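Asks: Sequence:
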Amino acid sequence: PQVKLMLFTGSGDHFSFGASVPEHTKELAPQMLKQFHGLFRTLVRLSIPTAALVSGQCLGGGLELALGCNFIFVDKSARLGQPEIKLGVFAPPASVIMPLRIGQTRADNLLLTGISITGEEAVAIGLATQVFDNKEAMLGAVNQWITEHILPKSASSLKLATRAARHGFNEALLV
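The numbering of the sequence shown is this note's numbering, which starts it at 73 and goes up by one.
Keep in mind the hints are simulated off the structure, nothing from the lab.
Please note that the accuracy of each hint is not assured.
[As the list claims (entries may be wrong)] No more than 25 angstroms apart at the CA atoms, straight line, and that leaves these computed lysine-lysine pairs for BS3-like: (1) K207 to K148; (2) K207 to K76; (3) K158 to K106.
Here the structure is a predicted model, which is why all the values come from computation and not from measurement.
Could you build the full structure based on these sequences and the hints that come with them?
Replies: Structure representation (structure tokens):
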């Protein structure tokens with residue numbers, strides 16, 4: 073009840089490459105999708121503000137997780153994309169979330185081509201909140217941002233505001 077913000081970061085030089093190509097099989101996909109969609113349902117139910125701190129590659133399911141966050145902070149090494157279409161599949165959560173975040177035209181460009189964009193491009197199209205020179209600068213600035221903009225707020229007010237502000241977003245996601 074006292075959690076005010078959840079942060080998602082990569083453990084190394086990259087945020088996430090998403091599921092591996094071998095996991096995109098007819099046999100493995102249903103269970104993989106069930107678990108991944110369960111993560112989104114859990115985040116919706118918790119209604120705790122979330123932020124993704126993206127360095128390096130943020131692809132596929134990794135970008136879908138970031139898209140589900142309230143805030144996406146990136147550094148200049150970030151490359152964001154939904155390459156699933158190149159494998160003959162599509163990105164279910166991103167297909168719903170991305171148009172809500174950046175508009176249909178920009179979402180179609182990313183979802184239907186499989187291209188990746190830079191962190192600077194992500195900020196320019198409204199996909200990301202802010203770009204930083206490198207991971208260290210991002211971590212320091214985001215910690216300061218949290219101290220200034222999140223920690224002074226009540227956890228229950230943040231939860232209620234998140235639930236209210238994301239009502240339509242969550243309804244679309246959980247259909």
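Asks: All hints, please: hold or fail.
Replies: Tested hints:
Distance hint between K207 and K148 is fulfilled; the C-alpha atoms sit about 8 angstroms from each other, no more than 25 angstroms. Simply put, K207 and K76 have alpha-carbon atoms about 23 angstroms apart, close enough for the 25 angstroms limit, and the pair holds. Proposed proximity of K158 and K106 is supported: the alpha carbons are some 22 angstroms apart, at most 25 angstroms.
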